[in-house]
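Peer 1: So the chains spell out like this:
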Amino acid sequence: DTAVSQTPKYLVTQMGNDKSIKCEQNLGHDTMYWYKQDSKKFLKIMFSYNNKELIINETVPNRFSPKSPDKAHLNLHINSLELGDSAVYFCASSLVVLPGGNSPLHFGNGTRLTVT
Amino acid sequence: GQQLNQSPQSMFIQEGEDVSMNCTSSSIFNTWLWYKQDPGEGPVLLIALYKAGELTSNGRLTAQFGITRKDSFLNISASIPSDVGIYFCAGTLGETSGSRLTFGEGTQLTVNP
Chain A
1 DTAVSQTPKY
11 LVTQMGNDKS
21 IKCEQNLGHD
31 TMYWYKQDSK
41 KFLKIMFSYN
51 NKELIINETV
61 PNRFSPKSPD
71 KAHLNLHINS
81 LELGDSAVYF
91 CASSLVVLPG
101 GNSPLHFGNG
111 TRLTVT
Chain B
1 GQQLNQSPQS
11 MFIQEGEDVS
21 MNCTSSSIFN
31 TWLWYKQDPG
41 EGPVLLIALY
51 KAGELTSNGR
61 LTAQFGITRK
71 DSFLNISASI
81 PSDVGIYFCA
91 GTLGETSGSR
101 LTFGEGTQLT
111 VNP
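These protein sequences, in sequence, are chains A and B. By the count of the numbering used here, the first sequence reaches residue 116 at its end, each step adding exactly one. By the count of the numbering used here, the second sequence reaches residue 113 at its end, each step adding exactly one.
Hints listed in this document are in silico derivations from the structure and should not be mistaken for laboratory results. Keep in mind that the hints are not guaranteed to be accurate.
[To be verified] In silico SDA-like links for lysine to any residue, alpha-carbon gap of 20 Å or less:
no., chain 1, residue 1, chain 2, residue 2
1, A, Lys-44, B, Asn-5
2, A, Lys-44, B, Asp-38
3, A, Lys-41, B, Gly-85
4, A, Lys-40, B, Val-84
5, A, Lys-36, B, Asn-5
6, A, Lys-40, B, Asn-5
7, A, Lys-41, B, Phe-12
8, A, Lys-36, B, Gly-40
9, A, Lys-41, B, Asp-83
10, A, Lys-36, B, Gln-108
11, A, Lys-52, A, Ser-5
12, A, Lys-41, B, Glu-105
13, A, Lys-9, B, Pro-39
14, A, Lys-40, B, Ile-86
15, A, Lys-9, B, Asp-38
16, B, Lys-70, B, Leu-55
17, A, Lys-41, B, Thr-110
18, A, Lys-44, B, Thr-92
19, A, Lys-36, B, Pro-39
20, A, Lys-40, B, Phe-12
21, A, Lys-44, B, Ser-26
22, A, Lys-9, B, Glu-41
23, A, Lys-40, B, Thr-110
24, A, Lys-44, B, Gly-40
25, A, Lys-44, B, Gln-9
26, A, Lys-41, B, Glu-41
[Stated by the list, open to error] Computed, partial: chain A to chain B, Cβ under 7 Å:
no., residue
27, Lys-41
28, Phe-42
29, Leu-43
30, Ile-45
31, Phe-90
32, Pro-104
33, Phe-107
34, Gly-108
35, Asn-109
36, Gly-110
[Said to hold, decoys possible] Among the chain B residues that face chain A by a calculated CB cut under 10 Å, a handful are:
no., residue
37, Tyr-35
38, Val-44
39, Arg-100
40, Gly-106
For every residue, glycine included, the Cβ atom is placed at its ideal position computed from N, Cα and C.
Taking the hints into account, I'd like the entire structure generated from these sequences.
Peer 2: Following this line, the structure appears as structure tokens:
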């Protein structure tokens, strides 16, 4: 009965490779997000999709490309991985596009990406 | 981008002690939220605040939305070992489509039994 599930949990790969992280939510939410948590635990939003439409695109290298085949899925594809991409990537969802108490973020358990 | 200043960065306390942490911003926020992150998991919402001055409790946790709308605090009373984790404040600046939830830097709490 996992609400927001992302795979894989751990991803170790070499520089230059291309990898994808998948995310699915079974909460019936309209909005999904990708956050990056760096080594200092700082959480920063990367992308947000509302009902398959991109609504937030922070300053992220275009090597990162989100894809939302339907509103329950938001995948993250990363091309030409670099050492600095190593981090924990969290998928999240909220009922509506405005995140807040009435529509809190539900996070997945994260994908720890290590680029060597 | 907008950042929240959260303090302290870390706390080491004995079981049974009370804990207080806070967040400040130079901008006015419309909502304040407090999340907790356990190791290996994603953050989980603890308390949500919607109005200036609002004081809300959730068990041993109490949080307040500052009158100026530029700050919030979280108190934990009678701490227990399972309170260990990283606590994040978060807030939204606007109510328009695409409003961002901005997170503080987190407070790492360690509780010694």
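Peer 1: The hint names Phe-90 of chain A as touching chain B; please verify it with the least Cβ-Cβ distance against 7 Å.
Peer 2: At about 5 Å, which falls below the 7 Å cut-off, the nearest Cβ of chain B leaves the hint on Phe-90 of chain A intact, so it holds.
Peer 1: If you take the shortest Cβ to Cβ gap from Arg-100 of chain B to chain A, is it below 10 Å?
Peer 2: Interface hint status for Arg-100 of chain B: holds (6 Å vs cutoff 10 Å).
Peer 1: Is the interface hint for Leu-43 of chain A satisfied, with its Cβ closer than 7 Å to some Cβ of chain B?
Peer 2: Holds: closest Cβ of chain B sits about 4 Å from Leu-43 of chain A, inside 7 Å.
Peer 1: Next pair to validate is Lys-41 of chain A with Glu-41 of chain B; report whether the Cα-Cα distance is within 20 Å.
Peer 2: 12 Å, holds
Peer 1: Quick one, is the Gly-108 of chain A hint okay against chain B at 7 Å, beta carbons?
Peer 2: Interface hint status for Gly-108 of chain A: holds (5 Å vs cutoff 7 Å).
Peer 1: Between the alpha carbons of Lys-36 of chain A and Pro-39 of chain B, is the straight-line distance 20 Å or under?
Peer 2: 16 Å, holds
Peer 1: Straight-line Cα separation of Lys-44 of chain A and Gln-9 of chain B no greater than 20 Å?
Peer 2: 17 Å, holds
Peer 1: When the nearest CB of chain B is found for Ile-45 of chain A, is that gap smaller than 7 Å?
Peer 2: 6 Å, holds
Peer 1: Let's test the interface hint: is any C-beta of chain B closer than 7 Å to that of Asn-109 of chain A?
Peer 2: This interface hint holds because 5 Å falls under the 7 Å limit.
Peer 1: For the pair supplied as a hint, Lys-9 of chain A and Glu-41 of chain B, confirm whether the alpha-carbon distance does not exceed 20 Å.
Peer 2: 10 Å, holds
Peer 1: Below or equal to 20 Å on CA atoms is what counts here, so check Lys-44 of chain A against Thr-92 of chain B.
Peer 2: 13 Å, holds
Peer 1: Is Lys-70 of chain B close enough to Leu-55 of chain B, meaning Cα to Cα at most 20 Å?
Peer 2: The given pair, whose Cα atoms are some 15 Å apart, holds under the 20 Å limit.
Of the numbered hints listed earlier, not one is contradicted by the structure.
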